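In this note's numbering, the protein residues as written are 1 to 803.
Check each hint, because a few of them may be wrong.
[Said to hold, decoys possible] In the SDA-like style, the derived pairs of lysine to any residue whose C-alpha atoms are separated by at most 25 Å in a straight line are: (1) Lys107 <-> Ala130; (2) Lys113 <-> Glu144; (3) Lys278 <-> Thr191; (4) Lys533 <-> Leu448; (5) Lys278 <-> Val131; (6) Lys540 <-> Ala551; (7) Lys533 <-> Arg513; (8) Lys533 <-> Pro305; (9) Lys113 <-> Lys278; (10) Lys108 <-> Pro139; (11) Lys278 <-> Leu448.
[As the list claims (entries may be wrong)] Restraint ranges, calculated between C-beta atoms of paired labels, are given here: (12) Asn88 <-> Met1: 44 to 52 Å; (13) Glu326 <-> Phe555: 49 to 57 Å; (14) Thr336 <-> Ala133: 46 to 54 Å; (15) Asp44 <-> Glu22: 48 to 56 Å; (16) Ala446 <-> Asp44: 27 to 35 Å; (17) Gln424 <-> Gly772: 53 to 61 Å; (18) Asp661 <-> Trp479: 40 to 48 Å; (19) Val19 <-> Thr196: 26 to 34 Å; (20) Asp701 <-> Val19: 22 to 30 Å; (21) His467 <-> Asp623: 44 to 52 Å.
FYI, nobody ran anything at the bench for these hints, they're computed from the structure. All values reported here derive from a predicted model rather than from experimental measurement. In this text, a Cβ means the ideal position worked out from N, Cα and C, and glycines have one as well.
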Amino acid sequence: MRLLHDGWTVRPSTDDEAVPAEIPGCVHTDLLRAGRIPDPFHDDNETRLHWIGHTEWVYETTFDAPEEADRVDLVALGLDTVATVSVNGTEVGSTANQHRSYRFDVKKLLRRKGNTLTVHFGSAYAYAEAVRAAVGERPNAYDEPFQYIRKMACNFGWDWGPTVVTAGIWRPIGLHAWSVARLAEVRPLVTVDGDTGYVEVFVTLDRAAPADLVLTLQISGGTATTRIGADEDSATVAIDVADARRWWPRGYGDAHRYDVTLTLSTVDGATLDTWHHKVGFRSVDLDTTPDADGSRFVLRVNDTPIAVRGVNWIPDDAFPTRVDRERYRTRFTQATDAGVNFLRVWGGGRYESAEFYDLADELGLLVGQDFLFACAAYPEEEPLAAEIAAEAHEQVVRLMPHPSLVMWVGNNENIWGFHDWDWQQPLDGRSWGGGYYFDLLPRTVARLDPTRPYWPGSPYSGTPDLHPNDPAHGTTHIWDVWNTHDYTRYREWRPRFVAEFGFQAPPAWATLRAAVSDDPLTPDSPGIAHHQKAREGNDKLLRGLAGHLPAPADFDDWHWATQLNQARAIRFGIEHFRALRPLCTGTILWQLNDCWPVTSWSAVDGDGRRKPLWYALRRAYADRLLTFQPDGEDLVLVAVNDGPAPWRESVEVVRHSFAGDALAGVTLDVDVPPGGAARLTLPARVATPGDPAAELMTAGDATWFFAEDVDLRYPEPAWEATVEGDTVRITAHTLLRDLALFPDRLDPTASVDDLLVTLLPGRSHTFRVRAGGTPDPAALTSRPVLRCANDLAHLVAPSVNPL
């Protein structure tokens, strides 16, 4: 395809004054680049830019025709969203789906030089509201019409995202000149049995002229061909690969891939079209066998049960065209460095890009892709029904070559919503999306790609006879924690697989400071409040501190305490769920990333900075986890092994005073097979404190405090600090719990390798700081840059003794 990405302009349909447009791109980014609008992410600028979504926009460029061919098609891989496409003043087609690609025959309209291509985008709001008027109102989670248009739902705002309803040519556009025939659809089924891999490719042709053709498939040095008659428009070609190396998820083996090339040619050998992709040989299935506790939900790859350590993925920018391959790689590296092996692509965003999936394939990351339905009752009438059928077909075919894709999910929370969110009375018998989730989508997956499982929703319990969020079956979302209950409630849950759970905190200081100009900063100052989209979000943050951490004395304390509490809450939940092994087989944290700078549930904020949660996640998702857990009235030490080899070692469990004295101890032998867990009994003399307010237990990286921070007699923190080059070495004079260093408060480019380190008196830890400049050592080793949990209990600055 010859790309047509140069010379574009964009303007409102009622205005002749245009600005340069970048393709792929969108109206917001074009206007921002031209200086016509302020940054939508800064302060409350977003609210002053809502007019953009109510405006019609015209994109236009000129181009010369390609060399002579039987057909010349205009190919638009992504138009957002309601578009009319014209060439030289003649309409060639219209679109109403951001999640589809389009192809228009324009050969007869072209002149040799100076052709004009115009894409007129209607208002997404006007279209959605017209559909709503035609099919009738349906309930949803937000007062926006997102379920009436096939557009990225979170463009209309979410409880973590801005309302930036945009338009534009958001994926490549160009001309495809071709003759005789082309590959219209390539659908490879890749399977494996023992040591033999199988590739069976189903092809649909688009023809410009009748002719006998040859289809050639090549992989791993092997070649297979098939003849296609002049009156045929489909064909199948297959090949076996002996001694096939399997694709494995990270932590289970190598993510091996093979290059596949498909060539369409004439019988005399002239190449007409080619298709190239990397594929991986692996099997995948879901084990949902009933058992004494309900039914299993076990993802198996190559017949091996996978312990899922997952995160939910949302679009990494509210304007997705700003996310390139390197940004994906950075985010994926942050995920894998935190022990993540599974990404769930959430259903209110997009079907992720080829770059996303290629990197997941390369890194051995597993991916579950939601079909794009979220938090709403979706009409099943036209014009949406046909759009959704075409969209599902295209996306299943587009993504099926990727071995990382291991599951399709029908929707996010819509079955749960229909059951529990008071939808049924306002629906009054009207459609709500059930026909998609229980009929259209499973039929589409089964017909096109039976190599990977489909699950009707997240959450879903496997059958309509069960409550859709029954923790004993299928997948579960846990949102009473955060919304209504303290995070200790996680221990009351015994789920089989947790697909969503989370706890909020503000972004990193440098991210917040760059996005908000409030002076002074307070939790409810205008910019801070605007960058909190969750209903009563800041109230829930404060309520979540109650009973755990002291009330913040100032904004610095609020920022630190809420970030710390998020990290504590998620580590608490994940360790509990992993300790339930084999009952609970996976967790998918809400969420890895953000699409703008915001207070949210993310581990990595909107500017790509790691929050304290990320460091807690790295510990909680470690291949080998030691965690103290209640067992009735007693305590046990649970060892969870997700590593590839047996875990055999001796572990010292010690009960200490806050002064650092060893009060009691025991040596326990850990012997856990891969994928297993062991519960190790602790003797009462070790697990029973003499003074619960001033003692803790340790076992490797695991710690256990016998009371909450507000009930502990913490010492006023004191330490000795040494700064040499990029290292900061802290030696504790007193107990330092959850020691953390925030160099981004001094240098926005700075980051640190570790956080949330607990030190007993006399012990040391070295932090490594990466920074563009050289932060002042005194500032680097004092509050508010250097913090610990016990400094929240003291209203005065902690004692610091730098060398």
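Evaluation of the provided hints:
no., hint, in the structure
1, Lys107 <-> Ala130, "34 Å, violated"
2, Lys113 <-> Glu144, "44 Å, violated"
3, Lys278 <-> Thr191, "14 Å, holds"
4, Lys533 <-> Leu448, "39 Å, violated"
5, Lys278 <-> Val131, "40 Å, violated"
6, Lys540 <-> Ala551, "13 Å, holds"
7, Lys533 <-> Arg513, "18 Å, holds"
8, Lys533 <-> Pro305, "38 Å, violated"
9, Lys113 <-> Lys278, "38 Å, violated"
10, Lys108 <-> Pro139, "46 Å, violated"
11, Lys278 <-> Leu448, "19 Å, holds"
12, Asn88 <-> Met1: 44 to 52 Å, "20 Å, violated"
13, Glu326 <-> Phe555: 49 to 57 Å, "34 Å, violated"
14, Thr336 <-> Ala133: 46 to 54 Å, "47 Å, holds"
15, Asp44 <-> Glu22: 48 to 56 Å, "26 Å, violated"
16, Ala446 <-> Asp44: 27 to 35 Å, "47 Å, violated"
17, Gln424 <-> Gly772: 53 to 61 Å, "56 Å, holds"
18, Asp661 <-> Trp479: 40 to 48 Å, "43 Å, holds"
19, Val19 <-> Thr196: 26 to 34 Å, "57 Å, violated"
20, Asp701 <-> Val19: 22 to 30 Å, "54 Å, violated"
21, His467 <-> Asp623: 44 to 52 Å, "34 Å, violated"
Consistency with the previously given hints fails for numbers 1, 2, 4, 5, 8, 9, 10, 12, 13, 15, 16, 19, 20 and 21, ordered from lowest to highest.
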